[in-house]
Every structure is written in C-alpha cells, then in structure tokens.
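Colleague: Residue strings, one per chain:
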Amino acid sequence: MIKGKFIDNLPKVYGIYTGGFLVFIILMAIAEQAGMTAKAIGIAFVAFTVGIYALIGYLSRTLQLDAYYVAGRQVPTVFNGMATAADWMSGASFVAMAGGIYFKGYGYMALLVGWTGGYVLVASLLAPYLRKFGCYTVPDFIGTRYGGNVARVCAVIVLTVASFTYVTAQINATGTIASVALDIPFEIAVYIGLAGILICSMLGGMRAVTWTQVAQYIVLIIAYLIPVFWISNKMGAGFFPHVMLADEVARIADLESQFGLGTVKNSAADLATVPKGLAGITKAHSSVNATPWAFISLAVCMMAGTASLPHVMMRYFTTPSVKSARRSVGWSLFFIFLLYSSAPMLATLSKLSLMDPTLSTGIIGKSIADVQALDWYQNWNQANLMFVSDFNGNGTLELNEFFMGGKAVVLATPEIAGLPYVISGLVAAGGMAAAMSTADGLVLAIANALSHDLYYKIIDPKAETKKRLIVARVLLFIIGFAGASIAALEIQGILGSVIWAFDFAMSGLFFPLVLGVWWKRANAQGAIAGMLLGLISGTAYLVWVRNGGAGFWGVTQLTFGIVGSLVSLVSMIVVSLMTPAPDAATQRMVDEVRIPSGRTVLGKQH
Amino acid sequence: MSKQAQHWEKTRGLLFVTLAIWFVFSIGIFFFGAEMEASSFRPLGYPLSYYMTCQGSLGIFVILIFWFANRQEKIDEEFGFTEREDD
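These protein sequence lines are chains A and B, in that order.
Each residue of the first sequence is one higher than the one before, counting from 1 in our numbering.
Each residue of the second sequence is one higher than the one before, counting from 607 in our numbering.
Keep in mind the hints are simulated off the structure, nothing from the lab.
For each residue, glycine too, the CB sits at the ideal point set by N, CA and C.
Be a bit skeptical, because a hint or two may be false.
[What the hints assert, rightly or not] Each pair of labels, with its calculated beta carbon distance range: (1) A:I16 x B:F637: 25 to 35 Å; (2) B:F647 x A:T282: 37 to 47 Å; (3) B:G651 x A:G20: 49 to 59 Å; (4) A:L489 x B:Q612: 52 to 62 Å; (5) B:Q612 x A:G548: 49 to 59 Å; (6) A:P185 x B:K680: 50 to 60 Å; (7) A:V243 x B:R677: 28 to 38 Å; (8) B:G651 x A:V474: 50 to 60 Å; (9) B:F638 x A:T465: 51 to 61 Å; (10) B:F637 x A:P357: 32 to 42 Å; (11) A:E592 x B:F637: 32 to 42 Å; (12) B:R648 x A:T282: 40 to 50 Å.
Construct the entire structure; sequences and hints are all you get.
Modeller: Set out below in structure tokens:
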C-alpha cells in the first residue's frame, strides 16, 4: 500500500490514519447504541489512541544523533506546523482554556492574544536564524554564539527551570484525564500517563516525538471541533458557531443582568462550604472587565515567553531549510488558530446551555432538588467538578449558587448538552493527546539540553555516539519520573504553572536569544549577566508577591516576567558595553546567521 | 555598501514594519478596550472588543506571518541569498 520513503508518503500515511480514527469513532458510536458502557468507551478511546502513539514511537526508533536531536532536519513545512501546534497546545489549552474564558471573560482572553501573537516574534526575530545556526538545542545556540561554558550552563539552567515548571503541569493533566477516563486513582494515573510519554520519546527522540505529535494534533483538533459544532447545531445557535454566535453572546449579557450578576454577593461563610478549586460565574462574559494594563501586561508576558520557550523553538530546528522554518511558523499558528478561535465559542455555548431557562439544559432558576437529581450533575459532583448549594434558602438555584471546576467546561459540556457518551470519550482522548504531546516536547527539551550541552559539550566531549544516546535516554527517564513525582503532589493548578513557565523563560532567555542575532556587540559577559540577573530578579519578585508583597507597576505573580526581562535587558546591555566587544570570528558568525544561504554554523553532526 | 549589508538593512526594515503591525494588534488596540466595546462597528454582530480577542487579532497574526515570510523570501532572492534546494 505504501511504497518508497516514509517522508514522501506523509499525506497518505496521515490521511489513512485520520480516516481510521474517524472510523473508530463511528464504531464506538455504534457500540454505544448496542449497549457498551460509558466506562468501557472511555477506556477504549484512551487505550486505542495511546497505543497508536506508542507504535509510532517504536517505529521511529533511531541510533543516529541528528535523527535523535532534530529529526534528521527533514520534517516538511506543513507537518512541522502540525507537530508544533500539538507541542504548543497543552493540557492547559485543551482542557483549561475554555474554562478560563467561561469564568473570567475578556480579561482572560489576553492569553489567547498572547499565545498567538508570540508567533510573530518567533517568525520574525528568531526561528529562521536559529535554524540557520544549525544547533541541536537552545543552549547550543547560546553557548556557541557567546562562547564559553558559563553562558551555556546559564542557558541550561533557565531552560530547566522554565520547562520543568511547565512539564509538571502537563503530567498532572495527563494524570487527571487518565484517572477520569480509566476510573483509577490520580496517584496511579500520573505514572500511567508518564509511561505513555516515555514510550513516545525514548526510542526515537525528536524523530519519534515529531511523528507522534502530528498524530496527536489530528486527534486533538477533531476532539475539540466535533463537540463545538455539534452542540452549536443541537442548540440551534448556528451551524458554523465561529461566525454565528453574536446573538448568543448578547443573550448571555441580558441573562447576566437578569440574574443579578455582580450585585448578589456570597458571604465568606457560604463560600467556605464550596469545594476547593471550584468557582462561580462572577465576571461578565463579553464586556471589557479588565484594565488595559492588566490585559496588555499579561499578553506581553505570554508573547515574549512564547519566543523564549525552548521546546517550541527546537521544533523549527527540524525543518529542511531556513525558508521552510519561517513558513512553518505560519502553519503552526494556523493550526493553533483552529483551536483557539473555537475555545471562546465553546465557552459561550456551555454558559448559555446552563444559564438560559428557555433551554431544556438550563439549570439556573430551576429548583435545587431537580438539579441535584440530574444524572450528569451527580457524575460531575462526584468527580469534584460541580457543586450547588441553596445559600439563600429559597429552594431555587441562583446564578451565584452554582459552582464548577475550570476543566468541566470542556470535559462536561458534551454530556450536559445531551451528546452521546462517545463524544465525551473522544474529548478525553483529545485532552490526553494535548497534554502528552506537550509533555513529550518538554521532557525532550530538558533531557537534550542536559545530555548535549552539559554532558557532551562540557563533561565528556570525547563521548561516542552510542554513549551520548544512552545518556540522553537515561536523563529522559529520570526527568520524566521526577516530573511525575512532583505532579503527584499537586502543588499549583495546571494553568498557574503554565503561566509561570512563560514568565521564567521570558525573564532569562528572551533578550539573550534576540540580541544574539540582532545585536552584534552583545558578548558573553552581557549574556551571562542577562540570563542570571533576569532569572534571579524575576524569581525574587514572584517569591515576594507570593508572600504578601505589594508589588509595583501592577505587575502580579502572573506577569513577573516583565520585571525579570527588563532587568535582563538592562544588565545585558550595560555589562556588554563595559566589557570588550566579541572577537572577529564571532562577528563573522553572526553575519553568517543573518543570510539563509550557505552552510549552517554548526556542522551536521556535532 | 556590501551586498550583505544591504540585505541586512532591508531585512531590518521588514522587521520593523512587521513588528509595528504586530504591536498595533497585540498591544495598541487593547489600550482602547472600552472604546472598542462601545463602537458601533460590530464584526459579525459581536462587540468589537470581544471579536478582536477571540478571532480578529489571532487571524491577523496568521496572515501577518505568511506575508512576512513572502517578503523576506523576496529580499533573500533579490540579493542572491536564497538556499539551494540541495542545501
């Protein structure tokens, strides 16, 4: 059926795969009609998809350095876009984003703008130049451009801090979904998720992660779009929700004022009875509810963070050319756009279906006893994601008496809207794909930096290929295991850790990376000062605000990257100018990087 | 001026234009959230502020990157710095 090289047959291979997945969904739907239980469907979805990723991971195993580190630099533009989109869209994007929009409205949507706008920076400032450089990892670029092991080690430190913060959140998300879908305790589910992640990445490194990420993108986008379109059509809101929900958005605004949003407040004693992690609707859905600075500062942090996160940047090391790296950024954002533009629509549909008393699914204004008797309410209440309580004792559910977990918007809406359970199984598979694909990229980014930059470049430069690849895999295993152990402790919520990761990356790496290409005068001393002082001041600010510090300029614990990156920029410029300019060889290297043609700065195998 | 310096000058010019457009739609317009909400211009019937955050700016970024990539390729071609296919 498939002849010739795998790379030449990609559209065919993934076409068959997509068709196969759709057939699987239909088979499950038929099985549901025939009486297959909800639990069995959930298990089938997760097991089937994770099994396929594991198979791809196994088939992509490799013993070559450039295949392991950069997928042999032959990933075509559009497919690299899909892989990046999966790498990028994490459990937070898939499971938590629509929930965030549902609860916080406009102020939260700064994340949508930030997480897409950052790609303009990636495309114009960094990706093509780093591709021309020919590095294996981000610290590889810093170490070679600025010269010296100190700069390299600093970059490894920043990368590890940022990526590790991020990866615990992703392993947490895989654990949450696996525990719901497979009906097992969270502490065990976390390690099952980890096993899946390691199978996908250990044997084939970047090559295996690339091809599983493409497969995961296909699953996650199908799993996100089908429910959005289905619910919209079922509610009669319009067959193409993205362009047809204006009336629904306006209707929510009417209902908000009708139900007294913002005027009826819960007492502290009442709120204390609400389970931890659940929230009620307290902010308007569509109207502007954040100050310009609150919105803009958050968006700026997410944009600069996007351009500094190593697991995203290293995806553009895998394209065949500089030109395709540039275009590939555009495709990445296009594939991300498909999901991000759907999240607000899902939040709108979800909110309206719960709020509107004229819809059969609406619960606000119904009697508390009726709501408590609903099947789906009982399911999600048991999962600790939904809660109602008759605070004012009038027997009727008011808007301020309904509480939900952020994850429930994506996970529970299909069930609330009365879609068959097969859709809930599909959504679980999608969430799993999103969290796994990001975790894969992150674990690999950390392990590669440690094995290539720390072990090979500094500790044992004479190590042979075989030994390097063994070290890389051992590190991958250790980091994955450490991430899972911390995830099992559940210190910080999924979304909070993700935002911190962006701030850490921005504090330490944004300016050293950008100035490395755009400012020839930047030297090693400056870069070291920029990375260390940036990371330290950002972290110090975070600790200070977390411990009750007042903060300044309206910078919160979610936007501490602003402080970190400003310190980084200033110290990098000042120290660079106070110390000698980089030597002629380094200046020539920067000139080389700035044109697409010619050899890469670093050789094919290094 | 050498070919390479000219190439870099044009590349930098393109960067500034790209970043200016990026700035307007990622930061600039959100200084005026309340004004956008009150605006009578409502794309597809959504309030302008809501529309820009959930589709408008996002879509503009996608188009902007492809436009930027095309312009940069033209600049590279003009100065003969395009990669050979077998690179």
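Colleague: Within 40 to 50 Å: is that where the Cβ-Cβ distance between R648 of chain B and T282 of chain A falls?
Modeller: violated (26 Å)
Colleague: Could one say that the CB atoms of V243 of chain A and R677 of chain B fall in the range 28 to 38 Å?
Modeller: holds (29 Å)
Colleague: Hint says 25 to 35 Å; check whether the CB-CB distance for I16 of chain A and F637 of chain B agrees.
Modeller: violated (49 Å)
Colleague: Is the hinted range of 37 to 47 Å satisfied by the C-beta distance from F647 of chain B to T282 of chain A?
Modeller: Check failed, 29 Å falls outside 37 to 47 Å.
Colleague: Does the beta carbon distance between P185 of chain A and K680 of chain B stay inside 50 to 60 Å, or does it fall outside?
Modeller: Taking Cβ atoms as reference, P185 of chain A and K680 of chain B lie about 58 Å apart, which means the hint holds.
Colleague: Holds or violated: the 50 to 60 Å window for the beta-carbon distance between G651 of chain B and V474 of chain A?
Modeller: holds (57 Å)
Colleague: Check the following: the C-beta atoms of L489 of chain A and Q612 of chain B are separated by a distance inside 52 to 62 Å.
Modeller: holds (57 Å)
Colleague: If you check the beta carbons of E592 of chain A and F637 of chain B, does the distance land in 32 to 42 Å?
Modeller: holds (40 Å)
Colleague: Can the suggested window of 51 to 61 Å be confirmed for the beta-carbon pair F638 of chain B and T465 of chain A?
Modeller: At 57 Å between Cβs, range holds.
Colleague: Are G651 of chain B and G20 of chain A spaced within 49 to 59 Å by their CB atoms?
Modeller: violated (39 Å)
Colleague: Determine whether the Cβ-Cβ distance between Q612 of chain B and G548 of chain A falls within the hinted range of 49 to 59 Å.
Modeller: Check passed, 56 Å falls within 49 to 59 Å.
Colleague: Could you see if the CB distance from F637 of chain B to P357 of chain A stays within 32 to 42 Å?
Modeller: Taking Cβ atoms as reference, F637 of chain B and P357 of chain A lie about 38 Å apart, which means the hint holds.
Against the hints set out earlier in the document, violations occur for numbers 1, 2, 3, 12.
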